[in-house]
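Student: One letter stands for each residue in the lines below.
Protein chains: 2
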Amino acid sequence: MISSSAVPDAALRLLVDNGFDATSVDALAEAAGISRSTFFRRFGSKEEMVFADQEAIIHHLETVLATSSQPPLRAVVSAALAVFDQHTARPEAAALRHRLLQDVPALRDRELVSTHRYERAFSRFLADEDVSSRSSGRALAIGYAAAVVAVHNDHLRGWLKDNAPTHRIGLEADLEAFAGLFEARMLPAAPAKPPTPAAATVVVTVNGGGADTEAVLAQVRRALESQQGK
Amino acid sequence: MISSSAVPDAALRLLVDNGFDATSVDALAEAAGISRSTFFRRFGSKEEMVFADQEAIIHHLETVLATSSQPPLRAVVSAALAVFDQHTARPEAAALRHRLLQDVPALRDRELVSTHRYERAFSRFLADEDVSSRSSGRALAIGYAAAVVAVHNDHLRGWLKDNAPTHRIGLEADLEAFAGLFEARMLPAAPAKPPTPAAATVVVTVNGGGADTEAVLAQVRRALESQQGK
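Here the protein sequences come in this chain order: A and B. First residue of the first sequence: 1, per our numbering; consecutive thereafter. First residue of the second sequence: 1, per our numbering; consecutive thereafter.
Since the hints were derived computationally from the structure, they do not count as laboratory data. It cannot be assumed that every hint is accurate.
Label-pair restraints from in silico Cβ distances [stated by the list, open to error]:
{"#": "1", "chain 1": "A", "residue 1": "Gly19", "chain 2": "B", "residue 2": "Ser69", "range": "46 to 54 Å"}
{"#": "2", "chain 1": "A", "residue 1": "Ala10", "chain 2": "B", "residue 2": "Asp85", "range": "49 to 57 Å"}
{"#": "3", "chain 1": "A", "residue 1": "Ala95", "chain 2": "B", "residue 2": "Thr63", "range": "36 to 44 Å"}
Which stretches of chain A does chain B cover? Using the computed rule of at least three CB atoms under 8 Å from a CB of chain B, they are [as the list claims (entries may be wrong)]:
{"#": "4", "segment": "140 to 146"}
{"#": "5", "segment": "172 to 184"}
Every beta carbon over 12 Å from chain B, so not counted as near; a handful from chain A, in silico [what the hints assert, rightly or not]:
{"#": "6", "residue": "Ala6"}
{"#": "7", "residue": "Asp9"}
{"#": "8", "residue": "Val16"}
{"#": "9", "residue": "Ser37"}
{"#": "10", "residue": "Arg41"}
{"#": "11", "residue": "Gly44"}
{"#": "12", "residue": "Ser45"}
{"#": "13", "residue": "Ser69"}
{"#": "14", "residue": "Gln70"}
{"#": "15", "residue": "Gln86"}
{"#": "16", "residue": "Ala89"}
{"#": "17", "residue": "His98"}
{"#": "18", "residue": "Arg99"}
{"#": "19", "residue": "Leu160"}
{"#": "20", "residue": "Lys161"}
{"#": "21", "residue": "Ala164"}
In this text the structure is predicted, and so the values were computed from the model without any measurement. Each residue gets a CB set at the ideal place from its N, CA and C atoms; glycine is no exception.
Sequences and hints are given; from them, build the entire structure.
Tutor: In structure tokens form, the structure reads like this:
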């Protein structure tokens, strides 16, 4: 969960109500119930205050990645879900922050920059996890990280509109699908099965009709699998 | 190619040599060989000047997408390669711009915002192309667009370091791989083949050894294909 240095709702509300530029640090400090010097020590500046939660979320994300025992692509899924949960844990603060960002283009741009930090954290993690050692592995790691963040942001925007719990479910399903899609290309090929005790000799006889390779193979597969009781 | 309103190298060099903040619009206009009023009419501001090429590239990208007759994911590959070509068409301007962005964090942030516009242009195009109508299609379109842009940016950063032509080759290979990866999930299933004239009856006899399904299938495939002269 977000640490105690989280942005106080009252300060965010003041920024939304009075406008970002028109609100003084003194007024923000008062709304937050802290002194001016505590405000500067804790947040650094008015703009930094708006993004203080973001900093906490980045650290949380890095912790989730560093302590994960899952396969790398699944660890990224868990971390992205953790980010979503952090963003949505305080609906009122999230709504205020969203309104503020809609009003102030410079803050919206900075938001983009901060989501780029999630992306970098993910692709660095995947690089360290040796995902990049395969051919095209670097591109796949970078592409996967970018895709995960983009889809996370899309679902978060959806949630900001209606706070519906279905957005998290959709995010999880989409991220699982991405992980499956990339996993096949990224991870080392499964270790070869131990050789069968003796090689089988296969005789194929095709009677009648055109021998469509795929159709024949499908029939063979069915026959073998029913034989093996699958 | 970039239009005639492209940023003059001399103006970029001045910004690099003198520093962004210390360079006046008058000095930039003089370096570019235009009047102060033409400078403002053409670029709007000092910062806008640095990103004027970006604007031209976005328009070019949208044109490539709008006029493409390729399948949607391949159209995005072509557009991303066109963006790369635009960025790398004037190596000196690219190098100057890159140095400027390294020196000025605010410009670097704005660069990120502008690459996000590529991403949005791609995902909007894919949404319009009805890629999103499949289940999870929206996420796949958004993820694909983000992945393409991230990998493009990675190769462009590589090129900025050494101007080697191999970066474009690597980019094309990576983008083709992404297109292949996503295509299987995104596009409607291929229409069913017309049924073969008469169904073939297949008899498979496996002599000796364990009947490993995949191994048998591989043997059958080889046998059928050699029979068909493939």
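Student: Each hint should be assessed against the structure and marked as holding or not.
Tutor: So, going through the hints one by one against the coordinates:
| no. | hint | verdict |
| --- | --- | --- |
| 1 | A:Gly19 with B:Ser69: 46 to 54 Å | holds, 49 Å |
| 2 | A:Ala10 with B:Asp85: 49 to 57 Å | holds, 52 Å |
| 3 | A:Ala95 with B:Thr63: 36 to 44 Å | holds, 39 Å |
| 4 | 140 to 146 | holds (count 6) |
| 5 | 172 to 184 | holds (count 6) |
| 6 | Ala6 | holds, 24 Å |
| 7 | Asp9 | holds, 27 Å |
| 8 | Val16 | holds, 22 Å |
| 9 | Ser37 | holds, 26 Å |
| 10 | Arg41 | holds, 23 Å |
| 11 | Gly44 | holds, 15 Å |
| 12 | Ser45 | holds, 14 Å |
| 13 | Ser69 | holds, 25 Å |
| 14 | Gln70 | holds, 20 Å |
| 15 | Gln86 | holds, 21 Å |
| 16 | Ala89 | holds, 23 Å |
| 17 | His98 | holds, 17 Å |
| 18 | Arg99 | holds, 20 Å |
| 19 | Leu160 | holds, 16 Å |
| 20 | Lys161 | holds, 15 Å |
| 21 | Ala164 | holds, 16 Å |
When held up to the earlier numbered hints, the structure conflicts with none and fits them all.
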